[in-house]
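S.K.: Sequence:
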Amino acid sequence: MLLRNDKAAKALNEHQKNVSILCEAMGRAYGLSHDDLFRLVVAARFHDIGKLLIPDSILNKPDKLNDKEFTIVRKHSILGYKYMKHFDFEEKIARAVLFHHERYDGTGYPMGLKGESIPLLSRIISVADAFCAMTEDRPYRKAMSRRETLVHIESEINGKFDGNIVQLLIREVRL
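Heads up: the sequence shown at position 56 corresponds to 56 in this note's numbering, and the numbers run straight through without jumps.
Calculated from the structure, these hints are not laboratory results.
Don't take each hint at face value.
[As the list claims (entries may be wrong)] Per label pair, the in silico range of CB-to-CB distance:
1) 146 <-> 86: 32 to 40 Å
2) 164 <-> 68: 20 to 28 Å
3) 133 <-> 167: 28 to 36 Å
4) 61 <-> 29: 31 to 39 Å
5) 85 <-> 133: 34 to 42 Å
6) 60 <-> 157: 25 to 33 Å
7) 7 <-> 111: 30 to 38 Å
8) 145 <-> 64: 17 to 25 Å
9) 57 <-> 30: 34 to 42 Å
10) 35 <-> 155: 31 to 39 Å
11) 67 <-> 105: 17 to 25 Å
12) 155 <-> 72: 36 to 44 Å
13) 75 <-> 115: 22 to 30 Å
[Stated by the list, open to error] Cut-off 30 Å, straight-line C-alpha distance, at most; resulting in silico cross-link-like pairs (DSSO-like, lysine-lysine):
14) 7 <-> 85
15) 61 <-> 7
16) 75 <-> 61
17) 68 <-> 17
18) 68 <-> 10
19) 75 <-> 92
20) 64 <-> 82
21) 17 <-> 160
22) 82 <-> 7
23) 142 <-> 17
24) 68 <-> 85
25) 64 <-> 75
26) 7 <-> 142
27) 75 <-> 142
28) 160 <-> 61
29) 114 <-> 75
30) 85 <-> 142
31) 114 <-> 64
32) 64 <-> 142
33) 142 <-> 61
34) 82 <-> 61
35) 10 <-> 75
36) 10 <-> 61
37) 68 <-> 114
38) 64 <-> 92
39) 85 <-> 160
40) 114 <-> 7
Just so you know, even glycine gets a beta-carbon here, dropped at the ideal spot from N, CA and C.
Please build the complete structure, drawing on both the sequences and the hints.
M.R.: Here's what the structure looks like:
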């Protein structure tokens, strides 16, 4: 899985592992078929793989990213999609990686998809990714508590996140 043996790659690997574990629980609770659950876990495990092609100086920057740096980081979902296609992952998995930063209200990237036009697997990964990212230390901030994170994500129901998927997260995290 790791293409590089450095601190950033190890942190990325750990994050993707955490997201995939949470996605599996959420996918089971949603009632996904065995095949779609498998696709979800694989896509979640690789959702940020494109970040391995982003310079460490940007990924590990302790300050707020400038517009140019943020534009570069936003390319990771497209780079991840290309990676998945290069290694012959099925389209549904590759698209889940591509669209994991789309937001329910249409403010996400790379395409600005909105609502149900965002693939279900991407909507699940989006919520799990946000939860895991907020509860992990980052170079630019300390981790939030699970409670703070849930409150924040709940405030984004039917804004940034699909309310049905957020409810799955809440049930799984509070268990």
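S.K.: Has the given pair, residue 75 with residue 61, been kept, meaning a C-alpha gap of at most 30 Å?
M.R.: Holds. Residue 75 to residue 61 sits at ~17 Å (cutoff 30 Å).
S.K.: Is the distance from the Cβ of residue 164 to the Cβ of residue 68 consistent with 20 to 28 Å?
M.R.: violated (36 Å)
S.K.: Taking the Cβ atom of residue 61 and the Cβ atom of residue 29, is their distance within the range 31 to 39 Å?
M.R.: Distance hint for residue 61, residue 29 holds at roughly 36 Å.
S.K.: Taking 30 Å as the top limit, are the C-alpha atoms of residue 64 and residue 75 close enough?
M.R.: holds (17 Å)
S.K.: Hint check: residue 142 vs residue 61, CA-CA at most 30 Å. Holds or violated?
M.R.: holds (14 Å)
S.K.: For a C-alpha distance cap of 30 Å, please report whether residue 75 and residue 92 respect it.
M.R.: holds (19 Å)
S.K.: Take the C-alpha atoms of residue 85 and residue 160, compute the straight-line distance between them, and say whether it is at most 30 Å.
M.R.: holds (27 Å)
S.K.: Does residue 85 pair with residue 142 here, judged by a C-alpha cut-off of 30 Å?
M.R.: Violated: residue 85 and residue 142 sit about 35 Å apart, past 30 Å.
S.K.: Keeping to a limit of 30 Å between CA atoms, is the pair of residue 7 and residue 142 held or broken?
M.R.: holds (17 Å)
S.K.: Could you grab the alpha-carbon distance between residue 68 and residue 10 and see if it respects the 30 Å cut-off?
M.R.: holds (25 Å)
S.K.: Could you say whether the range 17 to 25 Å given as a hint is met by the Cβ separation of residue 145 and residue 64?
M.R.: holds (22 Å)
S.K.: Do the alpha carbons of residue 10 and residue 75 lie within 30 Å of each other, as the hint requires?
M.R.: holds (20 Å)
The structure fails to meet hints 2, 3, 5, 12, 30, 38 and 40 from the earlier list, while all remaining hints are met.
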